[in-house]
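Construct the complete structure from the given sequences, taking the supplied hints into account.
Number of protein chains: 2
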Amino acid sequence: MTKNITPIEIKNMDERSRDEYFMGFALEEAHKAYALGEIPIGAILVQNNTIISRHHNRRELDNDATAHAEVLVIREACDVLKRWRLTGCTLYVTIEPCPMCAGAIINSRIDRVVYGASDYKGGAVESLFNVLSHPGLNHEPELASGILGDECSQIMKDFFKERRKTRRSTQEAEGSALEMR
Amino acid sequence: MTKNITPIEIKNMDERSRDEYFMGFALEEAHKAYALGEIPIGAILVQNNTIISRHHNRRELDNDATAHAEVLVIREACDVLKRWRLTGCTLYVTIEPCPMCAGAIINSRIDRVVYGASDYKGGAVESLFNVLSHPGLNHEPELASGILGDECSQIMKDFFKERRKTRRSTQEAEGSALEMR
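Going down the list, the protein sequences come from chains C and D.
Note that UniProt numbering has the first sequence beginning at 1, numbered continuously upward.
Note that UniProt numbering has the second sequence beginning at 1, numbered continuously upward.
Keep in mind the hints are simulated off the structure, nothing from the lab.
Take the hints with a grain of salt, since some may be wrong.
[Stated by the list, open to error] Selected chain C positions facing chain D (in silico; Cβ < 10 Å):
1. 75
2. 127
3. 143
4. 156
[To be verified] Away from chain C, derived, C-beta distances all over 12 Å, residues of chain D:
5. 47
6. 62
7. 75
8. 142
Note that beta-carbon positions come from the ideal geometry of N, C-alpha and C, so glycine has one too.
Structural data, given as structure tokens:
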């Protein structure tokens, strides 16, 4: 799908096509993270069919445990809009948010959250917790999931497969070095 | 209690006294927030009985939904220590962390968390969720709570009581203005 289309053209799409269109940008961010050796998760924040912030996970690059894609787009959007309430905004993220990011979504009052693939080991939307739909919390965003889910999931699988392979090679090399002593 | 004591003297305290000593600094931060009109929650991060970062809630000042005291101390500590893993550190915070902050604690692998008062409406440690003791997550910090709990709770009650009073006065003034038309 071409990406040079206007906010009005995007508005005229059906919701599923629009969600896939925007998730494509979050996936682009995930690919950038992959190339940098970061866990490949990307996110964008959209207001009035316009992207106002886009980021990928930067934990290793920034030495910052809070530098997940979602927190980075939220912080940048607050800065751009000069307000901490991100009402009127939709967050797109390739993987189900963790507790920190789901909490940041609640705290920023984002209207709608769209994610690609579930994270059964650490997700806080449907997997380990239900932070975005807990009746005790003072905000409940609209939710959609499974958008470009296979692509969002595949890049994570590829990343961890490659990392295991690299670690095994390193261990084998270290093993050989030990045998040589 | 005097605050001009050395890390060695602090180390020699019993755990309860040490926790109360450090919580005093988190409370100081909460008082600073109160004076600035921010929800009065403070936090500090301690490594080897030395405070490496201290902050209070700055959501309104910074227009940043993620600017809770805990996230700010974690980000600063990562920056100071040049690593995202805050192993060897203890976080002191006046109020039970919300989902975002509890998640940030897990993500940063903090060893121990001490908080003052529970937050029955939004806490993610014992109230709405058990983020810091969930068996599915890959980190479980040591926990202590109720340290200077009455003081930590009282400053919140005072803040919200005053805010309700101010709002009522404003509404009454607006009401009178309307009647005068």
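Minimum beta-carbon distance criterion (10 Å), residue 127 of chain C to chain D = Interface hint status for residue 127 of chain C: holds (8 Å vs cutoff 10 Å).
Say whether it holds or is violated: residue 47 of chain D keeps its Cβ farther than 12 Å from all Cβ of chain C.
-> Given that every Cβ of chain C is farther than 12 Å from that of residue 47 of chain D, nearest at about 15 Å, it holds.
Residue 62 of chain D: least C-beta distance to chain C exceeds 12 Å?
-> Non-interface label fails for residue 62 of chain D: nearest chain C Cβ at 8 Å, not farther than 12 Å.
Does the interface hint hold: is residue 75 of chain C within less than 10 Å of chain D, judged Cβ to Cβ?
-> OK, holds: residue 75 of chain C within 10 Å of chain D, min 6 Å.
Decide, holds or violated, for the assertion that all CB atoms of chain C are farther than 12 Å from the CB of residue 142 of chain D.
-> Given that every Cβ of chain C is farther than 12 Å from that of residue 142 of chain D, nearest at about 18 Å, it holds.
Residue 143 of chain C as chain D interface residue, shortest Cβ-Cβ below 10 Å = violated, 16 Å
Residue 75 of chain D remote from chain C - nearest C-beta pair above 12 Å = violated, 6 Å
With a cut-off of 10 Å on the beta carbons, see whether residue 156 of chain C makes it to chain D.
-> violated, 16 Å
In terms of the numbered hints stated before, the structure departs from hints 3, 4, 6, 7, listed from lowest to highest.
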